[in-house]
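These protein sequences, in sequence, are chains A and B.
Residue 81 in UniProt numbering sits at position 81 of the first sequence, and the numbers go up by one each step.
Residue 406 in UniProt numbering sits at position 406 of the second sequence, and the numbers go up by one each step.
Read the hints as simulated data drawn from the structure, not as lab findings.
Mixed in with the good hints, there may be bad ones.
[What the hints assert, rightly or not] Far from chain A by the CB rule (all over 10 Å, computed), these chain B residues:
id	residue
1	K10
2	E15
3	E27
4	L33
5	P93
6	L107
7	E110
8	V158
9	E165
10	S195
11	W242
12	S268
13	C314
14	W316
15	A318
16	A371
[Claimed, not checked] Partner residues are not named here, just some residues of chain A that face chain B (Cβ under 8 Å, in silico):
id	residue
17	G84
18	S109
19	G131
20	R176
21	R179
22	T199
23	C210
24	S213
25	Q232
26	H256
27	R257
28	M258
Since we're looking at a predicted model, the values are computed, not measured.
Glycine included, each C-beta is placed from N, C-alpha and C at the ideal position.
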Amino acid sequence: MKRHLISAADLTRDDAVLVLDTAEEMARVADRPIKKLPTLRGRTIVNLFFEDSTRTRISFEAAAKRLSADVINFSAKGSSVSKGESLKDTALTLEAMGADAVVIRHPASGAPYRLANSGWIDSTVVNAGDGTHEHPTQALLDAFTLRRRLVGRDAGMGKGLDGRRVTIVGDVLHSRVARSNVLLLHTLGAEVTLVAPPTLVPVGVESWPCEVSYDLDAVLPKSDAVMMLRVQRERMNAAFFPTEREYSRRYGLNGHRMAKMPGEAIVMHPGPMVRGMEITAEVADSDRCTAVEQVANGVSARMAVLYLLLGGSEPAISTTRTEENN
Amino acid sequence: MSKILIRGAKVLGGEPQDVLIDGETIEAVGTGLIAEGAQVIEADGKVLLPGLVDLHTHLREPGREDSETVLTGTQAAASGGYTAVFAMANTFPVADTAGVVEQVWRLGKESGYCDVQPIGAVTVGLEGKQLAELGAMHDSAAQVTVFSDDGKCVDDAVIMRRALEYVKAFGGVVAQHAQEPRLTEGAQMNEGIVSAELGLGGWPAVAEESVIARDVLLAEHVGSRVHICHLSTAGSVEIIRWAKSRGIDVTAEVTPHHLLLTDELVRSYNPVYKVNPPLRTEADVLALREALADGTIDIVATDHAPHPHEDKDCEWAAAAMGMVGLETALSVVQQTMVETGLLDWSGVAERMSYKPARIGSLTGHGRPVSAGEPANLTLVDTAYRGEVDPAGFASRSRNTPYEGRELPGRVTHTWLRGRATVVDGKLA
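The shape of chain A in the complex, shown without the other chains (with noise of 0.2 Å):
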């Protein structure tokens, strides 16, 4: 793997099938009485978080906890940042204080790159959102969420997601979490489809690894799994789309639809959902909708990124049963 997660696509297919793997160990922790490997015990992790994402930023904080890393939070707001500091001076300020690696959410598009590509700092970066590039953590989290579903916890070790159909529906044009899939799901051999209106599908998509879709109900059939992703109310001031009911009507998922989709088909959203939206609170609520597992998910997800990128050569399935041992 390379040092920083910047992208999907930083991650040949062996990288991401070694991350789901290590995060099914990781998860195995979370099932335990006490849910602490050693790891990481000594390094230091900050989580500079430039955007407001409690999600996120707790669910990072978790897996850096449970690896016995130091976390250090740095919040934008009410820091110097919010007086002017630059991205350059704030990276300066927390290698300075020893940071092994730097979580970034930002919300500018390709900040992480810069920070990582610079010269500024050497730590290791890892993308935890930037404007409307990518989410590689939420993919990859996505990803381990679809292969426990669809192949199987223990059969899905070693595997990919092959000939697997999925469906990404919303604002795929501000959506970094549509991207970081495309990519992602492609490299593990799913098949993606986007569906969108096409005021929200990006000019240039023709060049991504998947189908694209204005007809959400004819693809739901040829579905095994429908992520659905929020739509900003503000969307249609801008002319995205006419109201936020006819949003809904061509584009929401409710029961009604959900019902034209294969039995063992499962309904993703990366949160927050906006209910009454993309999705009606039926279909939140019925257990066919993973939400409330992916954000369980993401933290063993997470756990195997910042163990891999920052753990060394030590397999963390060796480590983890040596804790057992003990």
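Given chain A's structure and the hints, the job is docking chain B onto it.
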């Protein structure tokens, strides 16, 4: 009066000739010229061009002297072979009054490295709402004839129409920065395959092309001439080609960077490639070269846009748009146009000296290299090859996209009315 004899120079790339300068004027051009007591410059097969003229330079003074001053900007211009530059109006305060344009004009006179012809703003504060006092700027000591809100588009069709009409009274021209503002809200780079992958706000080609289409039609309707700044798309080329075929009085410029660089470079997220208009695709680059060769695009203009280091040493979205260009323009043109066989050196002289001077009504520049003409000259070592090293720039800023890139050609001498401003590649 001092005399200078330039011996064995390929005038406009032709057979080696001697050029004798007497004071501020070219006294003779020929072979075997002898002048007693003259300082002799052995050109040794270098190419001699008329001093270059840049219709589109940001000198930043007044207001942003941390990025460039009239002095450092004209030093950069001289280093790049220029003897005259047009200074854009988006300073602080904006050059929208006779007072500001006269200040810039006077600073240019004092610099002595290169003539500075101020451009006046079309509208007050570049805000696109009310015409600036265009007549007063023309009547001032600066004698402004080119007006532009560059950096911003004159997007109101009525304001644009009135400006086009109004400047006819004194032979002025409006230089339009064609950028439809609504289509480019939040735009960060060319909209296409790369922007889709990088998740950067798209800057569609149509935002440029639609304004150009409107403005050539407005110019036709009111019988005015119009100049279009920094063409960046193949579609813009088609519109200009169509307009010229209809007899519309339109001229157009292209920057060196749009002749060489593409949006693929943005994959580095390095803001040194962030520029307005944005870098486009390979197909656009090739169309622009073709159009510059066939005369659809009239001139090369640098859009030299200096920015301090901190405005580029940051994340893409936070970075300023623009590149410095005066000191690399001729090298980029040599590589993209001359060495590709699209232009010869007389074609370069037409597009980087004669024509920009004519568009800007600048007398005394853009004149042939012949007896009796002002001695504004540039000597170029076209055989030179070297990596661009920004540390050697005369400009106060270093935001070049060519750092470490090998480019051909080097200006060894520049003369402004017979006085050397650059000697052996160094400022005199």
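Okay, the hints, checked on the actual structure:
no. : hint : verdict
1   : K10  : holds (43 Å)
2   : E15  : holds (50 Å)
3   : E27  : holds (54 Å)
4   : L33  : holds (54 Å)
5   : P93  : holds (24 Å)
6   : L107 : holds (31 Å)
7   : E110 : holds (35 Å)
8   : V158 : holds (25 Å)
9   : E165 : holds (34 Å)
10  : S195 : violated (6 Å)
11  : W242 : holds (24 Å)
12  : S268 : violated (7 Å)
13  : C314 : violated (6 Å)
14  : W316 : violated (5 Å)
15  : A318 : violated (6 Å)
16  : A371 : holds (55 Å)
17  : G84  : violated (11 Å)
18  : S109 : holds (4 Å)
19  : G131 : holds (6 Å)
20  : R176 : holds (6 Å)
21  : R179 : holds (6 Å)
22  : T199 : violated (13 Å)
23  : C210 : violated (12 Å)
24  : S213 : violated (17 Å)
25  : Q232 : violated (14 Å)
26  : H256 : violated (33 Å)
27  : R257 : violated (28 Å)
28  : M258 : violated (30 Å)
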